[in-house]
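Whenever a hint applies, use it, and build me the whole structure from the sequences.
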Amino acid sequence: MPYSRLIPCLDVANGRVVKGVSFVGLRDVGDPVELAKFYSDGGADELVFLDITATPEGAKTMTSVVAQVADVLEIPFTVGGGIRTVDDASRIIEAGADRVSLNSAALSNPELISEIAELFGSQAVVVAIDAGDGVVHTHGGRNATEIKTVPWAIEAASRGAGEILLTSIRQDGQRTGFDLELTRQVREAISIPVIASGGAGNAQHVVDALRITDAALIASIVHENPSGLKGLRAEIESLGITLRPLKEKV
Amino acid sequence: MSDVVVVDYGAGNTRSVRAALTHLGKSSVVISDPTAILAADFVVLPGVGSARSAMEHLNQTGAADALRTRFDNGGATLGICLGMQLALQTSEEDGGVTCLGLLEGDVRRLQADRVPRLGWANVDPWNESFYFAHSFVGQSTDTVATSDGFCVAVRNGSFFGVQFHPEKSGDAGLNFLEQCLTLV
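Protein chains in written order, with my numbering: chain D, 1 to 250; chain Z, 1 to 184.
I should point out that these hints are in silico values taken from the structure, not numbers from a laboratory. Incorrect hints may appear among the rest.
[What the hints assert, rightly or not] Here chain Z is said to cover these stretches of chain D; the calculated rule only asks that three of the stretch's residues, wherever they fall, bring their Cβ under 8 Å from a Cβ of chain Z:
id	region
1	82-96
2	185-198
[Claimed, not checked] A few chain Z residues facing chain D, derived, Cβ under 8 Å:
id	residue
3	N13
4	R108
5	R117
6	A172
Model, not experiment: these values are computed from the prediction. All residues carry an ideal CB built from backbone N, CA and C; glycine is no exception.
So, in structure tokens, the structure goes:
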């Protein structure tokens with residue numbers, strides 16, 4: 001089995017990282033390239049960039065951000081937000097992203113999952129599910145749909161998704177731990193890996209999630225102290241989860 | 001002339017492998033021209049797309065024959081992920097695909113706890129972690145390294161193939177790439 005993965009998530013608007021990243025040790029806290037490098041050096045196993053602009057101009061800016069990030073980053077990264085067509089996905093992958101994350105576009109057009117998977121392989125397609133009260137939500141968790149969470153995860157996997165990014169709306173931003181029951185239910189229903197998201201407040205929370213699933217998305221816990229990522233990794237390891245060994249820079 | 005030819009399949013992310021080469025001070029060009037493939041000091045067969053579309057592209061452009069001739073001539077080539085799988089004889093992917101056949105062996109659907117097999121994993125006997133993202137896996141008598149028991153590196157003469165992504169494996173990956181480049 002590959003090592004459990006720790007994945008910082010960065011929200012990007014108009015080419016800048018937004019939302020609560022603290023200033024420790026960073027020249028320009030809003031620069032996605034600098035932050036990406038910083039987290040990579042700190043031991044992130046992967047990164048996720050979420051474009052929260054969702055405008056045509058935003059998409060163009062995002063493509064250029066992706067290219068700049070790809071030129072300096074030597075770990076994999078996923079890009080989500082505003083990817084609605086195969087062309088959108090191609091643009092982002094050809095700019096240097098390893099994977100795209102689909103959310104509402106996959107709900108309204110599930111074929112999109114298979115089309116991108118056929119072109120780039122399943123490993124390039126992440127389906128993001130914002131889950132609450134047993135159903136999938138859209139618009140950043142504000143709108144509930146009729147679609148049940150577990151059946152949707154099964155359908156996404158059968159259509160060629162290579163991973164599920166599962167966010168608990170209830171837990172997101174609460175910092176009281178992941179929704180373990182939801183994570184367990186979804187992971188047991190499918191055979192592709194699952195990233196738990198929403199609720200990480202401390203190392204123990206991450207450990208609890210990594211005992212039942214493949215990877216954990218972390219946001220505020222690391223943005224408040226970006227240089228604390230190494231310490232967080234050490235704490236997680238001391239609590240019994242083996243992460244990939246980091247090489248000390250010579 | 002560029003130091004490295006990165007073979008073009010017509011789609012996918014070749015930017016990362018070029019960025020890693022740039023980091024190591026090597027210029028590169030993404031091309032499927034047979035003459036360029038034959039003349040290059042070093043060729044990278046990157047890991048993008050699916051087996052069928054990649055082989056179709058390589059056959060149509062003449063790159064497939066150029067890669068075989070290059071192999072016979074002893075020209076150094078590194079296959080990454082799909083690029084390693086394409087060097088074997090056949091792949092189960094996309095309903096069955098005839099590959100380049102530079103090395104003995106074939107490619108089968110991965111039988112693992114979770115597929116795709118995603119993330120960093122240790123490679124034996126190198127005792128180093130690299131990043132993997134694959135749903136298929138090679139089997140070959142030319143296997144030189146394994147991970148979780150799977151064949152993840154093959155070598156025969158001037159061809160070296162790895163299932164992991166050195167361009168996405170941090171310093172370990174860059175060190176690996178650098179060593180490959182010195183084989184020229």
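Chain D contact restraint on R108 (chain Z) - CB to CB distance below 8 Å: At 16 Å from the nearest chain D Cβ, R108 (chain Z) fails the 8 Å test, so the hint is violated.
Check of the region 185-198 of chain D against chain Z for coverage (Cβ-Cβ below 8 Å, three residues minimum): holds (count 3)
8 Å C-beta criterion, at least three residues: is the region 82-96 of chain D covered by chain Z: Answer holds; 5 residues pass the 8 Å Cβ test.
Per-residue hint verdict: N13 (chain Z), partner chain D, C-beta under 8 Å: holds (5 Å)
Hint status (Cβ of A172 (chain Z) to nearest Cβ of chain D, threshold 8 Å): holds (6 Å)
Hint check: 8 Å Cβ-Cβ cutoff, R117 (chain Z) to chain D: holds (6 Å)
Hint violations for this structure: number 4 only, all remaining hints satisfied.
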